[in-house]
Amino acid sequence: MNRFLSLGALELGEIEELLALARRLERFPEPSALAGRVAGLVFFDPSLRTLASMQSAMARLGGSSFVIAPGRGSWPLETRAGAVMDGAASEHVREALPVLAGYADLLAVRAFASLTDLAADLADEPMATFAALVQTPFVNLESAIDHPCQALADWRTLDELGIPRAGKLVLTWANHPKPLPLAVPAAVAEMAALRGMEVVVLRPEAYAFPEPLAARTARAAARAGGSFRESAERDEALAGAAVVYAKSWASARHYGDREAEAALRRGLGDWCVDEDWFAGAPAARFFHCLPVRRNVVVADRVLDGPRSAVVFQAHQRLWVQMAVLHRLLAGGERRGR
Amino acid sequence: MNRFLSLGALELGEIEELLALARRLERFPEPSALAGRVAGLVFFDPSLRTLASMQSAMARLGGSSFVIAPGRGSWPLETRAGAVMDGAASEHVREALPVLAGYADLLAVRAFASLTDLAADLADEPMATFAALVQTPFVNLESAIDHPCQALADWRTLDELGIPRAGKLVLTWANHPKPLPLAVPAAVAEMAALRGMEVVVLRPEAYAFPEPLAARTARAAARAGGSFRESAERDEALAGAAVVYAKSWASARHYGDREAEAALRRGLGDWCVDEDWFAGAPAARFFHCLPVRRNVVVADRVLDGPRSAVVFQAHQRLWVQMAVLHRLLAGGERRGR
Amino acid sequence: MNRFLSLGALELGEIEELLALARRLERFPEPSALAGRVAGLVFFDPSLRTLASMQSAMARLGGSSFVIAPGRGSWPLETRAGAVMDGAASEHVREALPVLAGYADLLAVRAFASLTDLAADLADEPMATFAALVQTPFVNLESAIDHPCQALADWRTLDELGIPRAGKLVLTWANHPKPLPLAVPAAVAEMAALRGMEVVVLRPEAYAFPEPLAARTARAAARAGGSFRESAERDEALAGAAVVYAKSWASARHYGDREAEAALRRGLGDWCVDEDWFAGAPAARFFHCLPVRRNVVVADRVLDGPRSAVVFQAHQRLWVQMAVLHRLLAGGERRGR
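Protein chains in written order, with this note's numbering: chain A, -6 to 330; chain B, -6 to 330; chain C, -6 to 330.
One or more hints might be untrue.
Which copy? The list can't say, so a pair holds if one copy fits it or any two copies do.
Unchecked claim - With a Cα cut of at most 25 Å, we get these calculated SDA-like pairs of lysine to any residue:
no., residue 1, residue 2
1, Lys171, Gly233
2, Lys171, Gly55
3, Lys171, Met78
4, Lys171, Glu10
5, Lys171, Ala232
6, Lys171, Ser301
7, Lys171, Pro69
8, Lys171, Gly80
9, Lys171, Pro24
10, Lys171, Val77
11, Lys171, Gly64
12, Lys171, Leu108
13, Lys171, Gly273
14, Lys171, Arg227
15, Lys171, Arg65
16, Lys171, Gly1
17, Lys171, Pro299
18, Lys171, Glu23
19, Lys171, Arg87
20, Lys171, Asn288
21, Lys171, Gly75
22, Lys171, Ala215
23, Lys171, Gly189
Just so you know, the hints here were simulated from the structure itself, not pulled from any lab data. These numbers come from a predicted model, not from an experiment.
Take these sequences, add in the hints, and give me the full structure.
Shown next, in the form of structure tokens:
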């Protein structure tokens, strides 16, 4: 294993091994496992959890990390092939990433969706291109259509909370002032499907999963004996849920058209998860990947109540990323030229 | 001790112990005391000394640190309870700080005064709220009305320079292009009072300490046998000073009214500390917490002359913060979930 | 050796020793050589390679580092002597750098050229002033007229690629949307001259080296038995080159006059290095310090072809900087007050 790009790209057994390694590292710390190793963290987009948990994960394994933020501290980077670079970008990723890979034992990159070109975002080409530019171990810290660190942390959260493998997970669209990437919904739906769960995506019709994403999720369900469907009927979808996972995302119908999307959302203010959503699933836990906008995506009383798992979820990021870093780096050769 | 929020919240004996620990760590380094420990540093506001000295302090004790800067590298954070978060802030501190605390063994936060609501700033509510959100050890890196790391460093500076416990410390207001928080003047006056000094706050009438702050400083003086008073008479106040500590702060009279404050200051350009201020205290040392604006707050010839202790003061930050981190973290359990 | 300010300030034997140390550290890692040591990295200007390679170099030697970025995370710093600081800058380097030096075992500073005052930039006064403010070991991470880390890395690159000591190195001006500092061309030309190479600077007449720079390069050539000349004739200059090193720089004729410079450049779009430049030097390697603008400075087919050494060049930064840090820090006393 030299790449951590997508949970769906792994064998189910590899995922189980990562989760077992996370449990082991929590119980039996290995504070020198990555001594002398350096992770290079490249953030094209802002971060709180991912930055802090990656730096902490490296430190707890005895390694260290550096952070490069193109456009903030470093100059903007060009990503298009063949570009005549007479604009804002001073450097191309074709130089920048291989150079940084030479200073690090592992490179990890965050680059959000364009939110303008649906087909390109669904194909997740930029992240694949970045990974192909370097030979060092490589981690996807959220790409246009994936967020495997979040997905693995959520799987661990489900295990730790004792949510049954065959339980029902409802991923519900929620309102938000801005159109957001499909990365987390895609990664979470695939994760739950791979875990063998009954996955229901609850959303207004305009927020249906675009076809390639629905197909990907269905394939994941088929691999693991789970199921996947979509619904616009709140009561039906939520009934019997073990987990209600809220997340906003952009409409595939109006992708890149902010005005049409804003008009659409003006009628969807009631897509704010509140306690009455849980009438048919009184024991369900509430999940969100964070950051979450209080009283827009979800009401204070849900977030501050006993069903909320959101902070616990975020804490699992540390342990699963320690496992990923350990798997990609420990035991290998220290990097020379 | 699990919190370092304010010098005034400590027993005098605890302060002495921290200072003794700082001396010990300077003389007998403990480069592995915090091996495997991680400090999370959250800067809502910019920093130079505090950031560098905290990261260096962790490193010199064998630990490491990560930095989160909401609004610069991370998104802005909401702090108001009950907010409908449809504005700029993507995340609430109620999630962000507990999440970060899960990645760290200690959280340290800087959040400056609002400079708009005097009562709120004097009550220092945001920092108390932040601290209450997390169970990990917590350090105040400058709040609306306090700066305990600066105060402890200044206490150590006074000790190292041999300034008598009962010596006279004059905290003088100085001119500045902008209204500044009361945090440092409040922390320094309290510190000197707790050390048993004769504390005189020299300022134009419009810059008198607001009543709750004056009362807090007087209580500190009462605890330690020192004294506290204010004066607008420069010669009288400065006579016999062992230390002249310059600092600008906002007028409580015009708090939040930048135009009224600016008008007031146009007549106060002579509140720039110069050598002639020391006629009645020729051996007095000059202190400032930095950053300092040369030739506005204090003349070059004072800062560059032998009475200036400002760089030495700043260097003490390292040793006292090492003591605080050691006290809060060493010997405890390594953090699990 | 307590300063690394300019390759030209070193004895040739000292440079050879640094290169030998770099080779040794690559072959025989010393992961504890700088245990407990802290480097303070001050970036007045943005960085990608320098930041990442310095942090990685400290980490690989067992030390750590902190980063201060005035104006981004920290406030802007004043550099002028005698300034009345009532503007944007909150702090003067006369305080900031000695303070930071107290937290670190070594200070390293990047501060680009003004690009407005040619004489001041050629004199490189700011970096000399910064270095004079601190007693700790000090590294120039690119100043107005020098970039010794880049120069030393390029020397190592030439050695590693087997470029003969007496080989011909052509430093060619290239087009660029913006006027850029003379630091890299100055440092590279001096480095190649000190290595004993035949150094030819190929440029349009308006981009001739200003006289003090030409004189400095000629002196370097005289020290080492190499040669230095300038030329505007592309074919003649390039014939027989072992290395073609491309870099754009500002015209000394129009220094600080962006409009005149922009007008001048409108006729120079063919100064984009392409494969046909190598007709008279078919085996020549292509160098650039990066960041490089593709298809403005150099064509894709050169950068992506086998003659390009640019990523390899950048990777050498790590090893030579490890040598510089090791030389300045290892074996010395751990820093007390």
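25 Å Cα threshold - placement of Gly273 relative to Lys171: For Lys171 and Gly273, neither the intra-copy (30 Å) nor the inter-copy (57 Å) Cα distance is at most 25 Å.
Copy assignment of Lys171 with Gly233, given that the CA separation must stay at most 25 Å: Neither way: Lys171 and Gly233 sit 30 Å apart in one copy and 59 Å across, limit 25 Å.
Alpha-carbon proximity context of Lys171 and Ser301, limit 25 Å: within (23 Å within a copy, 44 Å between copies)
Alpha-carbon proximity context of Lys171 and Ala215, limit 25 Å: Classified as neither; 33 Å inside a copy, 55 Å across copies.
Status of Asn288 relative to Lys171 across identical chains (alpha carbons, at most 25 Å): Result: close within a single copy only, 15 Å intra versus 36 Å inter.
Same-copy or cross-copy closeness of Lys171 to Val77 [CA-CA at most 25 Å]: Between copies only: 14 Å across, 32 Å inside.
Intra- versus inter-copy proximity for Pro24 and Lys171 (alpha-carbon distance at most 25 Å): neither (41 Å within a copy, 47 Å between copies)
Same-copy or cross-copy closeness of Lys171 to Leu108 [CA-CA at most 25 Å]: within (11 Å within a copy, 31 Å between copies)
Copy assignment of Lys171 with Glu23, given that the CA separation must stay at most 25 Å: neither (42 Å within a copy, 50 Å between copies)
Intra- versus inter-copy proximity for Gly75 and Lys171 (alpha-carbon distance at most 25 Å): Close across copies (20 Å), not inside one copy (32 Å); limit 25 Å.
Identical-chain pair category, Lys171 with Ala232, by Cα at 25 Å: neither (29 Å within a copy, 58 Å between copies)
Within, between, both or neither: Lys171, Pro69 at alpha-carbon 25 Å: both (24 Å within a copy, 15 Å between copies)
In terms of the numbered hints stated before, the structure departs from hints 1, 2, 4, 5, 9, 13, 16, 17, 18, 22, 23, listed from lowest to highest.
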